[in-house]
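Taken in sequence, the protein lines are chains P and S. Heads up, the first sequence stops at 409 in the working numbering, and the numbers go up one at a time, no gaps. Heads up, the second sequence stops at 248 in the working numbering, and the numbers go up one at a time, no gaps.
Note that these hints are calculated values from the structure, not bench results. For each residue, glycine too, the CB sits at the ideal point set by N, CA and C. Please note that a few of the clues may not be correct.
[Said to hold, decoys possible] Stretches of chain S that chain P covers, calculated by requiring three or more beta carbons in the stretch to come under 8 Å of a beta carbon on chain P:
hint, stretch
1, 59 to 70
2, 91 to 104
3, 190 to 200
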Amino acid sequence: MNLSLRDVRHDFSRFLLTAVGLGLLLTVVLAMTGIYNGIIKDATALPDSLGADLWIVQRDTRGPFAELSRVSSDLEERARAVPGVARARSYVSHTIQRQLPNGRPLRFTAVGLSWPDDLGGGLPIVRGRPLAQPHYECLVDSSLGLSLGQRIPLGRDVYTVVGITDGLLASGGDPSAFFTLSDAQRIQNDVSNEAIRLDREARSARVRQSALGRDPELVRFSGKNAQLIPALGPLPVSAVMLNIDPGVPLDTVQARLQGWQDITVYSQAEEHGLILGGVVEKTRLQIGLFRGLLVVISAILMGLIIYTMTVDKIHSIALLKLLGARMTVILGMILEEALLLGGIAYVLAVIIGNFAFDIFPRRVVIENEHRLALLGIVIAISIASSAIGMKKALAADPNEVLAA
Amino acid sequence: MSDPIPAVQARSLSKHYGEGNTYVLALKEATFQIHPGEVVALLGPSGSGKSTLLTILGLINPPDTGWLQVGGVEVIRDGAVVGDANLIRRRNLGFVFQRSNLIPFLTAEENVRLVLELDDVPRREAVRRAREILESLGVADRARHLPMQLSGGQQQRVAIARALIHEPSLLLADEPTASLDKELGRRVMELLRTAAIERGAAVLVVTHDHRALDLVDRIFEIEDGVLDTEGAKLRGATR
Ligand SMILES: Nc1ncnc2c1ncn2[C@@H]1O[C@H](COP(=O)(O)OP(=O)(O)OP(=O)(O)O)[C@@H](O)[C@H]1O
Ligand SMILES: [Mg+2]
Chain P
6 MNLSLRDVRH
16 DFSRFLLTAV
26 GLGLLLTVVL
36 AMTGIYNGII
46 KDATALPDSL
56 GADLWIVQRD
66 TRGPFAELSR
76 VSSDLEERAR
86 AVPGVARARS
96 YVSHTIQRQL
106 PNGRPLRFTA
116 VGLSWPDDLG
126 GGLPIVRGRP
136 LAQPHYECLV
146 DSSLGLSLGQ
156 RIPLGRDVYT
166 VVGITDGLLA
176 SGGDPSAFFT
186 LSDAQRIQND
196 VSNEAIRLDR
206 EARSARVRQS
216 ALGRDPELVR
226 FSGKNAQLIP
236 ALGPLPVSAV
246 MLNIDPGVPL
256 DTVQARLQGW
266 QDITVYSQAE
276 EHGLILGGVV
286 EKTRLQIGLF
296 RGLLVVISAI
306 LMGLIIYTMT
316 VDKIHSIALL
326 KLLGARMTVI
336 LGMILEEALL
346 LGGIAYVLAV
356 IIGNFAFDIF
366 PRRVVIENEH
376 RLALLGIVIA
386 ISIASSAIGM
396 KKALAADPNE
406 VLAA
Chain S
10 MSDPIPAVQA
20 RSLSKHYGEG
30 NTYVLALKEA
40 TFQIHPGEVV
50 ALLGPSGSGK
60 STLLTILGLI
70 NPPDTGWLQV
80 GGVEVIRDGA
90 VVGDANLIRR
100 RNLGFVFQRS
110 NLIPFLTAEE
120 NVRLVLELDD
130 VPRREAVRRA
140 REILESLGVA
150 DRARHLPMQL
160 SGGQQQRVAI
170 ARALIHEPSL
180 LLADEPTASL
190 DKELGRRVME
200 LLRTAAIERG
210 AAVLVVTHDH
220 RALDLVDRIF
230 EIEDGVLDTE
240 GAKLRGATR
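So here's chain S without its partners, still in its complex pose (with noise of 0.2 Å):
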């Protein structure tokens, strides 16, 4: 946490959905800041609001208001984007998700390099520094299998790889490790947090595997959209 620039920081995003009877307040005035390769979880139950704070750092779904920063760059204002969203998206940000992250025609080196590809890199560059990633991963000698090729291990480990290719300030994982058995989810979540760290990019992950928290540098909590940053209870109980 030396970086003197937090990797991200947000001020007071909210976010409401619906109106009158449906109207459901998701987030609440959210305010914390992530360092570059610091990892932390995203705990809480069922529709306390961690999918809304992910899909507004990732530039999916605009809160309602706060204002957002990402790698020393701001990214939404007021509430409202600040730039291109998508050139935002393929050089800082990067996203894991539960399952279904590649794109069943490409095969893995393909799916990793596309980002590159997408912001315009060489494909030479690009095919050299996938391979150099997918290698990292130990997925190097898959690199030419399509995703349904590929065991769920496997396909996170790819979908890892591509998430931090293009070495962004932000990854944004959703429950990585979710549909992996509990030994196999570690190895994934441990293989996440170095090569982040390698890279140095912030990592915001959301699980309910509490078991792995002892591989996080710190926790968030939220309930009913409030989130809170320090997380101390649950760090307590763990470590």
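Chain P extracted, bound-state conformation (with noise of 0.2 Å):
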């Protein structure tokens, strides 16, 4: 006859009541499992997406994703040389913050890809299709809540959506938004006429009142579009990413591109870890931390409503120790409740999961193996709070009933 499931059916409501309950507060503990697994996707899904082996980025700096870079645009030129290299792309990023024509803010980060080189058909597209144009195109994320053929004004020029990606947000959470390098330029440094007017005088006054001034056709220069000035040069770029040529080991490249001083190289899993180990970590440990604390009050939580279980069927206990029951068939009765509570609170917790995490507004990710560890962890708090009405059970004496 098994004592457990009478004892549960025989106070059913008030068993259920608790078992939702902790099946929410685990439901809790998956969705700050999910939120975690979330934050690190989110964070690496923009360059995992690029698809590069090696960053190269400003000398000494952590960038792109975790502080901002500056390299020449011809270090794409000189990386391209290097034995080994099979394909060298720039990138450029940089966030911005727009509204619509109907007031909507607009709020993304905009990605630079290397035309022709990179249409970003390596990209997640879910519908629509790569950049097709050297200029007005763009890919955005779903997330961005635009559609395809919608088209933004930026600056002075206006954008047409040609495709929607899934999933790529940069790692401040904001969705990603991809153009050709030089549009992604042009957005980036676009300024006003009247500012562009203020420049090129200030920069003809300068010249004037220099030796260089006595030179009329370099004073004229100074005047003009600041990409037509030699001494200008075209605009920098955030990054480098290259591909190796398959069969080349990735240390050789890197060491030997470690040794130009005006950059520094990172490998993928460097640039993951600069990500994780900076611009989400304390995000990420926040959100670790908490999980931890829901899990502990959990077991606590657990450990209590067992002890109060066992305390309130003390007298049966005590009453089954007289009738010469094996210790086993008290104990495993505590055992089967504690693993029954936490098995039905777990399986809740996993539904509820499944249909309200849709709906959160940050990206919650749970696998098979997540939901695995949490019953892991549901068996091992269960085991152990029944151990606390264990010890109680043991200490049931007989002679209780017989005062009753």
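Two chains, two frames, some hints: make the complex.
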């Protein structure tokens, strides 16, 4: 005869209510795990989807995700010449916050892709197509809420959404949008006509004040578009992404590039480390701590519940001892009830999680391994808390039955 | 009393509680025997040692000294339990108390057959025997009721069934009729007596109810821990 099932059935509504409460608590534990994983996934989704083997950044910076990095745009050409380098692409990114004509705020990280080498074909595009024109097209992440074909004015130009990606957030949690490199730079460096006019005037004034001002050709030039001035050169980029020829060891290429005094080279794994160890570290630790705390709270609560359930039937336990029940029968009953409670709560948590986590604002990533880990934790908590009940049961005195 | 082997045989059972100022000798050198099917009443004023004797016989509290044999098997030697006390309780002892005898989350039938199932008797046989004994005690129609759905008298009858189903050598009862009214108490005592005799159990029943003494075979009297197994005085007065 199964005593635990009969005991549970006897006051089933109370047991179920307890299980539901515990289940909701476990749902939060699961949610914390999912948010923790989501933070890591979000932070690394962009570098992962770009699929670079090595990242060249400004010397001694931890860029381009963890901090600002500026390298000259001809670095792409220099790197391409290194033996073992199969592909070199420039990368620029900056976060902008604008408003759509209808007043809706629009905040995203604009990423520049090397035209025509990288059209965004490697990105997880769920609708639409990669970039096909050198200008005025963009791919945006679905979390931005824009639709295919939508036209967004940025600076002095209007860009058309030609593709939608999924799950590509920048390390700050903002959605990404992809442009050609020059478009991205244009958006980044967009200034008003008046600012350009003032800038050119100031430049001409500086030239005239120096010895250079004796050359009338130079004075004339200084008032023109900055890009046309040989001394000023093209705009810098954030980083250069390299892909290595198959069969060539990554370390060799990295060591060789490391010799260049103007740059620092990170592998993809090192970039991961920089992002997780820097950009999202505090959030990650915070959530991790919160999750740990919730597990402890669940354990304490469950211990209390099992203890109370044992105390509630201490008379029956004393009676069972008097009837000569083996200790394993009594302890088994307590353990089974704890496992049953934990099991129901766990199943509830998984079911609720399956429905609820989709409507969370941040990404919640739950894989089977995380569900299994939670199951392990629940079983451990159940066993530990039944130990508290068992201790009480072992102390139950058959004399209490006589005294009653 | 024709049976040559007594159901219970006790020699020099003594028990004290406390030390120094609080020292109480609750049982002094109790020696007696009870035969199968024999019903013995244990009478005595409050604090005289009745429960103490019962808990020693029930292997709940060990005596200081003494020797005890139940169902022909030695269970206490020199004040210590010999063998597995749980096993002896499961096989050879039955208990009925004043009240709260039953496990509240089990039905009457489950309470009764629990004793058998704790000793690994197959479920089918346990169910059959439980129905049988509930029938003989007149509560078969309440087999599927939970204890709280039963009256006091019904609860005590189920408790008696529970105490006797495994055919123990010794049934220990501590004021089993105290919470019942006089008529009902007497009826329950009659049932207890009949069921015990049918199953060959020796019964030691603590009672304050002198009016039911005509239902017992012998009377033990206890005062200040001293057991008088003749109980001659009371017996003469009531019969
Ligand atoms: N656990 C204990 N610790 C100390 N003294 C005890 C303990 N149990 C019983 N006593 C003492 O032993 C003596 C016998 O007690 P016991 O409970 O056997 O009496 P009783 O005959 O059952 O009384 P009642 O009719 O009131 O139930 C009493 O003096 C009591 O105070
Ligand atoms: Mg007593």
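Outcome of the hint check:
{"no.": "1", "hint": "59 to 70", "verdict": "holds (count 6)"}
{"no.": "2", "hint": "91 to 104", "verdict": "holds (count 9)"}
{"no.": "3", "hint": "190 to 200", "verdict": "violated (count 0)"}
Consistency with the previously given hints fails for number 3 only.
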